[in-house]
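S.K.: Residue-level listing of the chains:
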Amino acid sequence: MNWSIAKKNFSRQGLRASLNVLVTALSIIALIFMLSLLNGFQAQATRNVINTDIGGGHYRAPGFDILSPSKWEDYTVKVPDTLLRLHNKDKAEVLVVQGQLYPNRRLYPVQIRGISMEQSLLQLPLDNLKTFSANFDDLIPVVVGAKMAKKAHLHKGDTLTLKWRDRSGAVDAKDIIIIDVGDILNPRVDEGVVWLRLDHLRLMTDRKNEVSWVAVKHYIGLISEFEFQPVEFLMSDLLALWRQDRMNSKILWAILMTLVCISVFNTQMLNIFKRQKEIGTLMALGMDSQRIVRIFTLEGCLAAIWALVVALLLGLPFFIWFQGVGFDVSHLSESTLPIRETIYPDYQPMEIIYSLIIVFILIVASSWFPVKKITRLDPTMALRGRAIK
Amino acid sequence: MGIIYKIVIFIFLFFCLTSNPALILAAEIIDAQKLLKQVDDNLWSNTKFISGRLIIDNGRKERTLTQDSWMEGIERSYTEYKSPAREKGTKMLKTRKKLWMYTPRTDRKILIAGHLLRQSLMGSDLSYEDMMEDHKLSKSYTATFENFTNIEDIKCAVLNLTALDKKTTYQTRKAWINPENKTILKEERFAKSGKLLKRVLFKDYEIISGRNFPRTMIFKDLLKENTKTTYKFDEIKFDIEIPNRYFSLSILKK
Numbered sequence: 000m001n002w003s004i005a006k007k008n009f010s011r012q013g014l015r016a017s018l019n020v021l022v023t024a025l026s027i028i029a030l031i032f033m034l035s036l037l038n039g040f041q042a043q044a045t046r047n048v049i050n051t052d053i054g055g056g057h058y059r060a061p062g063f064d065i066l067s068p069s070k071w072e073d074y075t076v077k078v079p080d081t082l083l084r085l086h087n088k089d090k091a092e093v094l095v096v097q098g099q100l101y102p103n104r105r106l107y108p109v110q111i112r113g114i115s116m117e118q119s120l121l122q123l124p125l126d127n128l129k130t131f132s133a134n135f136d137d138l139i140p141v142v143v144g145a146k147m148a149k150k151a152h153l154h155k156g157d158t159l160t161l162k163w164r165d166r167s168g169a170v171d172a173k174d175i176i177i178i179d180v181g182d183i184l185n186p187r188v189d190e191g192v193v194w195l196r197l198d199h200l201r202l203m204t205d206r207k208n209e210v211s212w213v214a215v216k217h218y219i220g221l222i223s224e225f226e227f228q229p230v231e232f233l234m235s236d237l238l239a240l241w242r243q244d245r246m247n248s249k250i251l252w253a254i255l256m257t258l259v260c261i262s263v264f265n266t267q268m269l270n271i272f273k274r275q276k277e278i279g280t281l282m283a284l285g286m287d288s289q290r291i292v293r294i295f296t297l298e299g300c301l302a303a304i305w306a307l308v309v310a311l312l313l314g315l316p317f318f319i320w321f322q323g324v325g326f327d328v329s330h331l332s333e334s335t336l337p338i339r340e341t342i343y344p345d346y347q348p349m350e351i352i353y354s355l356i357i358v359f360i361l362i363v364a365s366s367w368f369p370v371k372k373i374t375r376l377d378p379t380m381a382l383r384g385r386a387i388k
Numbered sequence: 000m001g002i003i004y005k006i007v008i009f010i011f012l013f014f015c016l017t018s019n020p021a022l023i024l025a026a027e028i029i030d031a032q033k034l035l036k037q038v039d040d041n042l043w044s045n046t047k048f049i050s051g052r053l054i055i056d057n058g059r060k061e062r063t064l065t066q067d068s069w070m071e072g073i074e075r076s077y078t079e080y081k082s083p084a085r086e087k088g089t090k091m092l093k094t095r096k097k098l099w100m101y102t103p104r105t106d107r108k109i110l111i112a113g114h115l116l117r118q119s120l121m122g123s124d125l126s127y128e129d130m131m132e133d134h135k136l137s138k139s140y141t142a143t144f145e146n147f148t149n150i151e152d153i154k155c156a157v158l159n160l161t162a163l164d165k166k167t168t169y170q171t172r173k174a175w176i177n178p179e180n181k182t183i184l185k186e187e188r189f190a191k192s193g194k195l196l197k198r199v200l201f202k203d204y205e206i207i208s209g210r211n212f213p214r215t216m217i218f219k220d221l222l223k224e225n226t227k228t229t230y231k232f233d234e235i236k237f238d239i240e241i242p243n244r245y246f247s248l249s250i251l252k253k
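If you're matching them up, the sequences are chains A and B in order.
Numbering that gives the first Met the number 0 applies: residue 0 is where the first sequence begins, and numbers increase by one.
Numbering that gives the first Met the number 0 applies: residue 0 is where the second sequence begins, and numbers increase by one.
The set of hints was computed from the structure by calculation and includes no laboratory data.
Note that the structure is a prediction, hence the values are computed from the model and not measured.
Backbone N, C-alpha and C fix where the C-beta goes; we use that ideal spot for every residue, glycine too.
Among the hints, a few may not be true.
What the hints assert, rightly or not - Partner residues aside, some chain A positions facing chain B, computed with beta carbon under 8 Å:
1. 7
2. 11
3. 12
4. 15
5. 18
6. 69
7. 101
To be verified - In the DSS-like style, the derived pairs of lysine-lysine whose C-alpha atoms are separated by at most 30 Å in a straight line are:
8. B:87 <-> B:194
9. A:207 <-> B:166
10. B:135 <-> A:173
11. B:219 <-> A:150
12. B:81 <-> A:173
13. B:87 <-> A:149
14. A:150 <-> B:166
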């Protein structure tokens, strides 16, 4: 009975109700889009970092800290048998030392990274290095990332001098040749990094069988002389950034919801004001004021339901289309975020359901809050249209 | 007739050999290590005070830093920068293998050790390590005589120096030494691979307190373009009394 009265009342509201439904529906679409795009962005960036640098975690020489370049050379260790026995698709041996590059005879401090050529755990554009032998002659073959190449004005085929220190601290320098400029999605392993074959770097620095870390696919237990650093630790700064992004998105979410709630609240207030005589009549005819509140609240619920339906009708084609074209973030190439390619929204069903439930509850609450004053209305004043001023 | 002929040839060769100064020198410089030690003995003194200028030319701009340095042996030295205003009051204290630096702007002393020593000293062609080089060449390298060559009409013996310890920064060097007055005129420092990295020119030699000392040293990082650092010694005093406080950490304050 209440439901049919609410439906009739709602349909009689006409344009006002339609606008209310449309605003709410668009807000719901914006909300889902924002959350899904953020999910997609974070998932892709995380995947890039894992695929190009972290893998499933690092077994590192104890004390090694990538943020303390002046101490990198102090923390290199020989690879233990446990890690040597791992399949090449499950591990990547990496040696890192400081170096100085001289592009156009200008000093450019770099990180020299040697990586085993047999590994297939990390996806890096270093295939051209595989064509060289374990020894080098006059020129040392290296690969640099596109970002590094742009910054240091380097091109494929360039030869320039690289300076480094060997294990004993003696200074050494040799000419290198850039055999490739690779497209590396993760700027952390691109900018300021010169990639070499691990055997070459070991030869250059007298560090036979030594590594700074071994990236592994999975944690394989404790290994003496090594400490395991999980993905969460190695990505702690990015994860903190992601958390901050989530916080920021919640603020935006709250703003959107506030707008929706204000819209519903405002509509309900207007309804009560305009329909005072109707309320007064219903009360005079003996209808319980609580029932009138329920009818008005149901009208709000109907607005929410219609908004969900419209959001579904408008949003679904939009989301399907957008999933196909994606969002180009190549402008982020200048930032240090590990993403440069087109990003695609990552729709999380549970997250969407939770969000819709919250939206629904908020709309119902916003519908109920203004109408609860009906219980305090004087029927005679309401009949004369003077109960609410 | 044959014997007379041989005697004549012998006398002729004897005169030729004994009258050619280059060959005389060659005979003397066979002991390259000794020559290197004589160079060290000339340059190194127990204590030394130097007031000088460090002219840093990075190819675009030239900066001049004035400084006073007090040195004791090969292990202790103290330097105070007097100008420009930006560097005024900066102090450096070297004690054994440690280098402490104090900057008045931060009012803190920093230990420059390990790999930090490889960084450039105030943007110059010298690293902190180069600056605090604390070994006599004759103690760290074995010298071999290569040949004679002229530098500005001065006949120099070219010595190849090979490091005795594999930890020595430059594993090989080349030194151009005037054997007459035991002064070094030029030095080249090489990477382990043999690549030439740095060149140091020693100029304007003067007799100061009985020692032949260069008034100017020019450092060039040969991997960089158009850069050089000139170290000019305006005032040099040897074997002076240096108060102990100059080599104490407590001096590193305003």
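S.K.: So, for every hint listed, does it hold in this structure?
M.R.: A quick look at each hint next to the structure:
1. 7: Hint violated; residue 7 of chain A Cβ to chain B Cβ min 77 Å, cut 8 Å.
2. 11: Violated: closest Cβ of chain B sits about 75 Å from residue 11 of chain A, beyond 8 Å.
3. 12: violated, 70 Å
4. 15: violated, 66 Å
5. 18: violated, 62 Å
6. 69: Hint on residue 69 of chain A: holds, closest Cβ of chain B at ~4 Å, below 8 Å.
7. 101: holds, 5 Å
8. B:87 <-> B:194: violated, 37 Å
9. A:207 <-> B:166: Holds, at roughly 17 Å.
10. B:135 <-> A:173: Roughly 27 Å between the alpha carbons, so the hint for residue 135 of chain B and residue 173 of chain A holds.
11. B:219 <-> A:150: holds, 26 Å
12. B:81 <-> A:173: violated, 38 Å
13. B:87 <-> A:149: violated, 38 Å
14. A:150 <-> B:166: Answer violated: residue 150 of chain A to residue 166 of chain B is near 34 Å, above 30 Å.
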